[in-house]
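> The whole structure should be built from the sequences, with the hints applied where relevant.
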Amino acid sequence: MRSLPVLHHEDFVYTRLKALAWVANETILPTVLQANAGKALSYLFDRVERNKPLVINCHGINVIDDHALDSIRGALESHQRPLIIVNAGALKPQFDRDLGQYDLYRVDGVTVMVPGAASIERATAERIVSQFPKLEQKNVTAFIKECFRQYPDKKMHRMASTPLMSSGVFDARHIISDSEKFIWVSMLMADRLEAYLDAGLENEGQRQDAGTLNKPKNFRLLAVSLRGSPLAAAVGLLTGRQQSIEIVDHMGPKYRILEEHSLRLSAGNEDYIYIGDFVVGGTELKIAQAYARSKGAMLRHAVVIGSRLDPAEYQLDMDISYLVKLDECCPPTTFQFNE
Amino acid sequence: MSAWHILHLTDLHINDPNAPAEHLRTRYYKEYLQPLAVQVLRRLSNPLDLLIITGDFVDRGRVDNFDHAQTVISYLADLLHISSERIIVCNGNHDVVRNKEEAGEYQAARQAYKDFAKKFANKNAVKENDRAALCKLGEGLSCLMIDATLVVDSTIIKPANDTPGDLTESEVDELMSWITALPEGEVLIIGSHYPVHDLMVRNAPFEEDEPNWANRHVWFRGAMLRERLLRWHAISRVVWLCGDIHKPVNIVHDGHCYISTGRLGTRTERFDSLIPRQARLIQLPKDGKTPRSLVIEYKPVGHHSQAQIGDWDSKGESFTLAQTITEANELEIIKEPETVTIPVTDESRAEEQEASSTITSVSTPDPTHVPVLNATGAIYTMPVELISAELQQEIIKTITDLRIYYFGRFTTSQSEVSLSWVSIGPLLNEEGILSQVVSRMADSLRELVRIKEDEGMEKTVLIGFDCWGAVLASQLSVLTGTRNFCVALRAGGKHNVSAETVSQEVLEYIKDCETIVLVSDVVASGRSLRFLYDSVSEGLGEAEAQRLRWLALSIICDRIQSRQVDCCFLDKHLSTCVDLRMPVLPYDALPEESVLPSVISFQ
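Protein chains in written order, with the numbering used here: chain U, 1 to 339; chain B, 1 to 603.
It is possible that some hints are incorrect.
Said to hold, decoys possible - For each label pair, taking beta carbons as the anchor points, the in silico distance ranges come out as: (1) U/Arg-127 <-> B/Lys-494: 49 to 59 Å; (2) B/Glu-508 <-> U/Asp-46: 35 to 45 Å; (3) B/Lys-397 <-> U/Asp-65: 26 to 36 Å; (4) U/Glu-313 <-> B/Phe-407: 41 to 51 Å; (5) B/Lys-397 <-> U/Ser-130: 47 to 57 Å; (6) U/Phe-337 <-> B/Ala-389: 53 to 63 Å; (7) B/Glu-538 <-> U/Asp-153: 37 to 47 Å; (8) B/Val-599 <-> U/Val-107: 52 to 62 Å; (9) B/Glu-538 <-> U/Thr-333: 50 to 60 Å; (10) B/Ala-389 <-> U/Glu-194: 30 to 40 Å; (11) B/Lys-459 <-> U/Arg-149: 44 to 54 Å.
Just so you know, these hints were derived from the structure itself, not from any lab. It should be emphasised that the depicted structure is a prediction, and the values quoted were computed from it without experimental measurement. Ideal placement from N, C-alpha and C gives every residue a C-beta, glycine not left out.
Rendered as structure tokens:
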């Protein structure tokens, strides 16, 4: 069997249903769990570190197809491996139907189901549930650290995209080229996008009072580089926004737009959300802002893998969601203005 | 690919390579054959599988001309991208040294021909004797090349000038023992210089002024082999190819096909035959169904048949079925010649495509399309297969509805200009198309690499070209567990940082792979594909590049577009849309950019 997206903790094994759905080629309906993903899940249940509880994060899955859980139900009946299902509130009716008896409670606002009566103590389940966000972040941070490469000559070099000097480079190809890393990084970036949009919904009234539209009603995901393109497509597919992916070849690291005829006014009231790999000096974002303006639109937000600075320091008048601060992943003297 | 494509030539009759009366003379054969290659290539959507030549390479025993015959054949083979391993020959009566034959020195009379034949696939025969050579040409196809001129038992037939030979019962036993050992369902081609069926020379006595013409041109003794083969049903299809009679015949009788093609060469004489010089392209289905063929003729432009100027063309554009003969005494056409068409962008023909032939490799070119030649005379087709007719239809409809097909000057390299552009972004933004494209490509990729859905591809690497190729490659990577790299290839990557090109890291990974899959949105000239191959070749060495299995996946690739770029290193190219015309011209075929500016330029 090819490898499936799982993260390993000393106390448990963790996966996301959405990642399984992606691997099982179910991105046409990204919020639905279908049979192939269900089979992948039961494979994990049966084979991967069976001595540890399996934590399944259902975030982003709203519907489970009939019979998608048949194989996991069979696996539960055949052996008593503890199963912890989190963020499954919307799926309760299907779980009621397919998994039978389970304990249900909330931990830090997260719905938790533990099928198989008394298969795991509540305290244990609570401890495990508090760990999985850190597990995701820890793994993703490790992936990002691995994509930093110091220059072989150990000298500082001027960066291509921005006037800073650096002793090395973060190359997102190391993440994109490895499907496991790509899946987890993309999933967390999709979470950041949805968190931004959800926060906008909650604050809408307040922000509108201040004269700023927080959540664009129509928006497109914008990628302006070779390495940003797969990330934008992945985030688009995971969030059900594959109709809204716009790729401009390319504004960074070197600037050269190869399809100038794409610089037309966009039809309709569509703003942009930038999806990219790393923000160091903010140059690429500034060019993307200018691009959006040239099309009569606004660049509202950016979601990136890593950022060197806090968003306000780029003076872009917009927020940036990122997975890591770059100084967590490289030596502190990596970036400087002069040699 | 569901059919083999075979080019049948015969009767070159090279008499004097320096004489102006010869089409195949040293100073004309290239001009003569190059347009023939163009005509052949424009009808193929996949590489030619075989070249079969049924004898009379030289004229009147002039065996010194075998060297020139090999030169001529090699030239044509290069143009057709076919190696000597896929060329198979048999001798004709003119390839035998007559005086040695009449002196009983049968071996010596044929030695020059045998040395010549060893330059081709004949050297790899799995079975061979003085009479015949059996060659295995791939899965499901074998070829038996017979010397129909040889006389083994002169008490039965006396060797005479230019007449068919004999065939003894024990020889037939041996040949049948070879044939009955072939796997069930095998397709068998038999090449012999003389026709083996008298139906093939029907009407000849009324055309020729020799009463004994049929006896001099039909290998009646071969009928014994023919009759025994008719009763051996394990072979799914037998096709007899021959020459000698210098006229095209194409019949099916009792399930066997008998095909003769007219001469390719011979000197022009004062009273030359009215039947044009010709070649025949045969489409031989792998499932044993009836072959189809197309004769391509060379027609002089003047009143006389001069070996100077003429044009190659075919009677119509379509492959046609043979005439089926049900009664030995009459010719009856059971089926009208059937044409297979692949509709292109005309909506009214979209439904026809759904009901069309399953032989997807048939190429029905636009009659107004003119292939483009480069300075060396070589042109290339891009054999590409369609992944899904249904998805193609949806793609073309979306392109039409969104009006995202643009016409103009799109300068993608210093050598070619694309006259069309499709905005891929809006296409893939349409509901479900990106997911469908990725899903179908993943299924096709698993089939090509022969793995199951839940297996990973450790020895395979995906290379995504530019932004949308990177998107597709990364998605395919998730679905198949394959490593991928995105590389910038527009303008050779000169507008990108080195980390986005074919870097040392990419080359190091490729070194450990067996299969490399090139993933692109649109393949127009093919230059990016070739650039990647050349980069790997330069970085790892030609031998390493050739060791790899090269595959390509694309969203759009016009399958009938002739190209100046050689992409024959590709083992397979699959695309989700192959019937959208995306014309490409040489850069200097258009006016200066000051007159006609580029809409897009990568330079």
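> Are the hints correct? Go through all of them and say.
Here is how each hint holds up against the structure:
no. : hint                                : in the structure
1   : U/Arg-127 <-> B/Lys-494: 49 to 59 Å : holds (55 Å)
2   : B/Glu-508 <-> U/Asp-46: 35 to 45 Å  : holds (36 Å)
3   : B/Lys-397 <-> U/Asp-65: 26 to 36 Å  : holds (29 Å)
4   : U/Glu-313 <-> B/Phe-407: 41 to 51 Å : holds (47 Å)
5   : B/Lys-397 <-> U/Ser-130: 47 to 57 Å : holds (51 Å)
6   : U/Phe-337 <-> B/Ala-389: 53 to 63 Å : holds (58 Å)
7   : B/Glu-538 <-> U/Asp-153: 37 to 47 Å : violated (24 Å)
8   : B/Val-599 <-> U/Val-107: 52 to 62 Å : holds (58 Å)
9   : B/Glu-538 <-> U/Thr-333: 50 to 60 Å : violated (37 Å)
10  : B/Ala-389 <-> U/Glu-194: 30 to 40 Å : holds (37 Å)
11  : B/Lys-459 <-> U/Arg-149: 44 to 54 Å : violated (26 Å)
The earlier numbered hints that this structure contradicts are 7, 9 and 11.
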